[in-house]
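Participant: Go ahead and model the full structure; you've got the sequences and the hints to work with.
One letter stands for each residue in the lines below.
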Amino acid sequence: MGQVQRIMYIHVPTAWTAMLVLTWAFLCAVMFLFRASWRWDSRLEAALEVSVLLCFLLCVQGSIWAKPTWGVWWDWDPRLTTTAVLLMAFVGIVALRHFLADAAQRATWSAVATIIAYVDVPIVYFSVKWWNSLHQQPSSASTISRDFLIPLMLNFAGMLFLVIGLMTIRGRTALLRLEDEMLPPPLPAAIPTEVMA
Amino acid sequence: MNGIVTGGWNFVLAAYIVTGTVLVAYSIHTMRELRQKLEIRAALPRVTKGTSS
Numbered sequence: 001m002g003q004v005q006r007i008m009y010i011h012v013p014t015a016w017t018a019m020l021v022l023t024w025a026f027l028c029a030v031m032f033l034f035r036a037s038w039r040w041d042s043r044l045e046a047a048l049e050v051s052v053l054l055c056f057l058l059c060v061q062g063s064i065w066a067k068p069t070w071g072v073w074w075d076w077d078p079r080l081t082t083t084a085v086l087l088m089a090f091v092g093i094v095a096l097r098h099f100l101a102d103a104a105q106r107a108t109w110s111a112v113a114t115i116i117a118y119v120d121v122p123i124v125y126f127s128v129k130w131w132n133s134l135h136q137q138p139s140s141a142s143t144i145s146r147d148f149l150i151p152l153m154l155n156f157a158g159m160l161f162l163v164i165g166l167m168t169i170r171g172r173t174a175l176l177r178l179e180d181e182m183l184p185p186p187l188p189a190a191i192p193t194e195v196m197a
Numbered sequence: 198m199n200g201i202v203t204g205g206w207n208f209v210l211a212a213y214i215v216t217g218t219v220l221v222a223y224s225i226h227t228m229r230e231l232r233q234k235l236e237i238r239a240a241l242p243r244v245t246k247g248t249s250s
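These protein sequences, in sequence, are chains A and B. Using our numbering, read the first sequence as starting at 1 and increasing by one per residue. Using our numbering, read the second sequence as starting at 198 and increasing by one per residue.
There may be inaccurate statements among the hints.
Pair by pair, the computed Cβ-Cβ distance ranges are [as the list claims (entries may be wrong)]: (1) A/Ile115 x B/Val221: 26 to 34 Å; (2) A/Asp102 x B/Arg238: 44 to 52 Å; (3) B/Ser224 x A/Trp73: 36 to 44 Å; (4) B/Ala211 x A/Trp76: 47 to 55 Å; (5) A/Ile115 x B/Ile225: 28 to 36 Å.
These stretches of chain A come out as covered by chain B in the derived footprint (C-beta under 8 Å, 3 or more residues) [unchecked claim]: (6) 3-9; (7) 51-58; (8) 61-67; (9) 166-175.
Derived by calculation from the structure, the hints in this document are not laboratory data. By construction, the Cβ of each residue, glycine as well, lies at the ideal position given by its N, Cα and C atoms.
Facilitator: Shown next as structure tokens:
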């Protein structure tokens, strides 16, 4: 394959991490609808944003891989098309959250939209098996040599560690913002005497 | 045609640089956002849920 195979050490961990984060977003959405807890909504907000970031990176890395190996930057191949649909769907959900001012409506609508959009995740995964695709079939530990598997798993661990950290920080920010939205405005420090009279 | 793509280093570098830049930029943005939120919170008078005084 040549030097370009090194792209796989970043592309595959990004794909695995994206799938895990998308599944976490789905779980957060389900938990919010069952528990109606703002904590789950803030976790969902963090997961949605990181999902968009990872899906975007996945498309860019895939495009950089496609040019030297397939001869084109982009092809409407089943795996690429379903991933692009996934990215657009989650960009739409993040945009929806920015447009809705009411916190309860925002949380409910985005949770429902996340559950609907998540339907595309198994389609992305199985697309290379269901249809003829330029994209290669998924590899497993038994089909990869140890020399390739170790750096791949190290990168995956690093990527997962970073993403968990980012989602924790982003989730905390989202929770603080929600608290600000829920609490009444702070009382003025001093009330003029003429108002008191 | 032996299946080996020659001279692919520029694509490898592009993939790693784009990924690194995006992740570092988002990490900085996320941390700054939280720090700003905490600073605003620290500057405001403390209001406790469920209390009127």
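Participant: All hints, please: hold or fail.
Facilitator: Structure-based check of all given hints:
A beta carbon spacing of about 32 Å between A/Ile115 and B/Val221 agrees with the range 26 to 34 Å that was offered as a hint. At roughly 23 Å, the beta carbons of A/Asp102 and B/Arg238 sit outside the given window of 44 to 52 Å. For the pair B/Ser224 and A/Trp73, the supplied restraint of 36 to 44 Å is violated, since their beta-carbon distance comes to about 27 Å. The given range of 47 to 55 Å is broken by B/Ala211 and A/Trp76, whose C-beta atoms sit roughly 22 Å from each other.
Between A/Ile115 and B/Ile225 the Cβ separation comes to about 32 Å, which falls inside the hinted range of 28 to 36 Å. With a cut-off of 8 Å between beta carbons, the region 3-9 of chain A has 4 residues touching chain B; three or more are needed, and the interface restraint holds. Evaluation of the coverage hint for the region 51-58 of chain A: fulfilled, as 3 residues show C-beta separations to chain B shorter than 8 Å, against a requirement of three. Using a Cβ-Cβ cut-off of 8 Å, 4 residues of the region 61-67 of chain A lie near chain B, which meets the minimum of three, so the contact claim holds.
With a threshold of 8 Å between beta carbons, the proposed coverage of the region 166-175 of chain A by chain B holds, since 5 of its residues qualify and at least three are required.
In the structure shown, a violation is registered for the earlier hints numbered 2, 3 and 4, in ascending order.
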